[in-house]
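Visitor: One letter stands for each residue in the lines below.
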Amino acid sequence: MPRLVGRRLLAALPVLFIVSLLTFGVTLLVPGDPAVTLAGENATPEQVDQTRERLGLNDPIYVQYGRWLGGALQGDLGESLYDQRPVVDSILERVPVTFGLAVLAVLFAAALAIPSGVISATRRGSIWDRAITLVSSAGVAIPNYFLGMLLILLFAFGLGWLPAVGYVPFTESPGDWFLHLLLPALCLGVAGWAEITRQIRSAMIQELEQDYARTATAKGLRRRAVIFKHAAKNASVPAITVTGLQVAYLFGGTVIIERMFGIPGLGQFAISAVYVRDIPVIQGVVIVATVVVIVTNLIVDTLYPLLNPKVRPA
Amino acid sequence: MQPSTAPSTALAGTPASTRPPVLQIEDLSVEFLTEHGWVTVIDSLSLTIGEGESVGLVGESGSGKSVTSLAAMALIKHPGRVSGGHVTLDGVRLDRLSWREMEDVRGKKIAMIFQEPMTSLNPSFTVGEQIAEVVRRHDGLSRKQAAERAVNMLDTVGIPRARERARAYPHEFSGGMRQRVMIGMALACSPRMLIADEPTTALDVTTQIQILDLLHDLRAEFGMALLFISHDLGVIADIADRVAVMYAGQLVETASADELFARPSHPYTRGLMRSMPRADEATETFFAIPGAPPAPWDFPSGCRFAPRCSMAGSDCTQGPIPLIPVGAADAASRCLRTTAADLEGPHL
Ligand SMILES: Nc1ncnc2c1ncn2[C@@H]1O[C@H](COP(=O)(O)OP(=O)(O)OP(=O)(O)O)[C@@H](O)[C@H]1O
Ligand SMILES: [Mg+2]
Chain A
264 MPRLVGRRLL AALPVLFIVS LLTFGVTLLV PGDPAVTLAG ENATPEQVDQ TRERLGLNDP
324 IYVQYGRWLG GALQGDLGES LYDQRPVVDS ILERVPVTFG LAVLAVLFAA ALAIPSGVIS
384 ATRRGSIWDR AITLVSSAGV AIPNYFLGML LILLFAFGLG WLPAVGYVPF TESPGDWFLH
444 LLLPALCLGV AGWAEITRQI RSAMIQELEQ DYARTATAKG LRRRAVIFKH AAKNASVPAI
504 TVTGLQVAYL FGGTVIIERM FGIPGLGQFA ISAVYVRDIP VIQGVVIVAT VVVIVTNLIV
564 DTLYPLLNPK VRPA
Chain B
6 MQPSTAPSTA LAGTPASTRP PVLQIEDLSV EFLTEHGWVT VIDSLSLTIG EGESVGLVGE
66 SGSGKSVTSL AAMALIKHPG RVSGGHVTLD GVRLDRLSWR EMEDVRGKKI AMIFQEPMTS
126 LNPSFTVGEQ IAEVVRRHDG LSRKQAAERA VNMLDTVGIP RARERARAYP HEFSGGMRQR
186 VMIGMALACS PRMLIADEPT TALDVTTQIQ ILDLLHDLRA EFGMALLFIS HDLGVIADIA
246 DRVAVMYAGQ LVETASADEL FARPSHPYTR GLMRSMPRAD EATETFFAIP GAPPAPWDFP
306 SGCRFAPRCS MAGSDCTQGP IPLIPVGAAD AASRCLRTTA ADLEGPHL
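Sequence order for the protein chains is A and B. To convert, note that position 72 of the first sequence is 335 in my numbering; the numbers rise steadily by one, no gaps. To convert, note that position 80 of the second sequence is 85 in my numbering; the numbers rise steadily by one, no gaps.
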């Protein structure tokens, strides 16, 4: 197992390198010049030039990139062009916020997908199955922000049960933290729920058709044992795979959701950085997001052997 | 150790009719929903298996052997349904039991071994656990006692180092060993009735013989009734007291094993016997019944075997042929010609 983890982490390095290169390239295409913005409204061309020189923006691209890479390898992602704070510090401050939101969203998605997927699979063609299929298709189709608006209108403005926007750190008040993240997490998790439900449904249908499920029934096991013990264990592998994939999508979704619900997480940080072309911040956030996705995949991979004895090392 | 046709249970000497029945299949019909609509696949089949008796059910692929055995377990599910008749186990009509009540019967009173040893075990659980859960479910044993029973069963079915192997997963076993596990699982609660649906078809010849020997010995040890399904008459000869021959969803002949092998009545049975490879013959000529069995939606209205039968006459296709008693007690044949004296020896 440690061997596997080590090998996978090693394999991740080229991915990180390519992602950082791509991000660097893309930021160059973004219109606007950070030096102009930074130097202020009434700056003379000379002042703008000085600023550019100070930021190292006059150096050739590969020098700029090399400088960034050198720092990154030592855990230094540079400083924001605007407030000169170390990017690492700003990111670390916001990671727990986004992490909490994402974890809640995944938990909602998975916790709701298990019953809905199993009911769909075991009552195939029933009114329940059709209702779940309909709602989950809608869940995939509805854009995040539209659903967010509906939820805010209904639960915050209409019923007044939940706060519309804002954030309270977990360390301050876990209850308020939860209440503030409830709507955004639901909104963020809907697409994942729909996707995981679909996966569980088809995996369970497939597993319940297998010969071993017939054997389990022929042994006189209770139906719930056939479903939740025998079929579920085999269906859990694709279900967990798709859940892992959802984490990646979900991370992308936080950008819009955080903005909409006024949550000071990584996504919001990234957006404001893009507006002002704060290259080190953009780079940093993208790299951190990539690491999160890689680590998630790694976690999923290490779960497989626990569930499937065939891939368990002897 | 060679399998033999010698009686192996205390009751084996007595004729079937005087033994209390364990499994009674009466007038059973099963149909499936296909692109041809509802198609009758099993047609008014009756079969009684007495206490400790071993009945062989034989027939070509697609004749309805597996469907019959699934019906006996009340395991027919959509797109199939039992459209007539019923199954009685130990005096209890299974069609009158709820699904939950049926769950108490399966694995406890009637158990089944399937045709496909490679896929019939759950790949994600140890074989020990898969046996143990049956006895936990039916005999209410504790986890520890059940695990112990599982080891005993593995030992009984001839798996070496049973205690250690109980912790192994199905993919660590060969096909023959998996079938042993399936047998151990089926016998774990000492059922009164065991159905073995082609338990050796998927195995190589040596393993086949070993599994047959094992079933033979275990039947003596556990004293259960056995419905042994095969498309191979040679295998049936080794294990059955009585034989039932199926063709196109119907029973076409039934007789004691001795009677059937000495004097097969139905032309189909005789065809099956002729197509058996025989070790004592130097000539390597293989006989096969000409033609192929009809599809269920194409069953002829008269004798279903008539299109392939060399003895068929115009009277054979007039209408359904009943099972007609022939010679010995309990023997019957679904053929207008078999009562006649024009029967020759088994090899025509
Ligand atoms: N789920 C199903 N849907 C439609 N038809 C079915 C289904 N299961 C079985 N049948 C049909 O029922 C008939 C009997 O099938 P069955 O499996 O009992 O044959 P068998 O005698 O066991 O053959 P084999 O020796 O190949 O196992 C076949 O014509 C088959 O096509
Ligand atoms: Mg079959």
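Simulated from the structure, these hints should not be mistaken for laboratory data. Don't take each hint at face value.
[What the hints assert, rightly or not] Straight-line alpha carbon distances no greater than 16 Å define the calculated EDC-like cross-link-like pairs of lysine to aspartate or glutamate that follow:
#: 1; chain 1: A; residue 1: Lys-492; chain 2: A; residue 2: Asp-474
#: 2; chain 1: A; residue 1: Lys-492; chain 2: A; residue 2: Glu-458
#: 3; chain 1: A; residue 1: Lys-496; chain 2: A; residue 2: Asp-474
#: 4; chain 1: B; residue 1: Lys-149; chain 2: B; residue 2: Glu-177
#: 5; chain 1: B; residue 1: Lys-113; chain 2: B; residue 2: Asp-144
#: 6; chain 1: A; residue 1: Lys-496; chain 2: B; residue 2: Glu-134
#: 7; chain 1: B; residue 1: Lys-82; chain 2: B; residue 2: Asp-95
#: 8; chain 1: B; residue 1: Lys-82; chain 2: A; residue 2: Glu-458
#: 9; chain 1: A; residue 1: Lys-492; chain 2: B; residue 2: Glu-177
#: 10; chain 1: B; residue 1: Lys-82; chain 2: A; residue 2: Asp-564
#: 11; chain 1: B; residue 1: Lys-149; chain 2: B; residue 2: Glu-134
#: 12; chain 1: A; residue 1: Lys-573; chain 2: B; residue 2: Glu-177
#: 13; chain 1: A; residue 1: Lys-492; chain 2: A; residue 2: Glu-472
These numbers come from a predicted model, not from an experiment.
Visitor: Hint by hint, which ones does this structure get wrong, listed from lowest number up?
Guide: Per hint list: 2, 4, 7, 8, 9, 10 violated.
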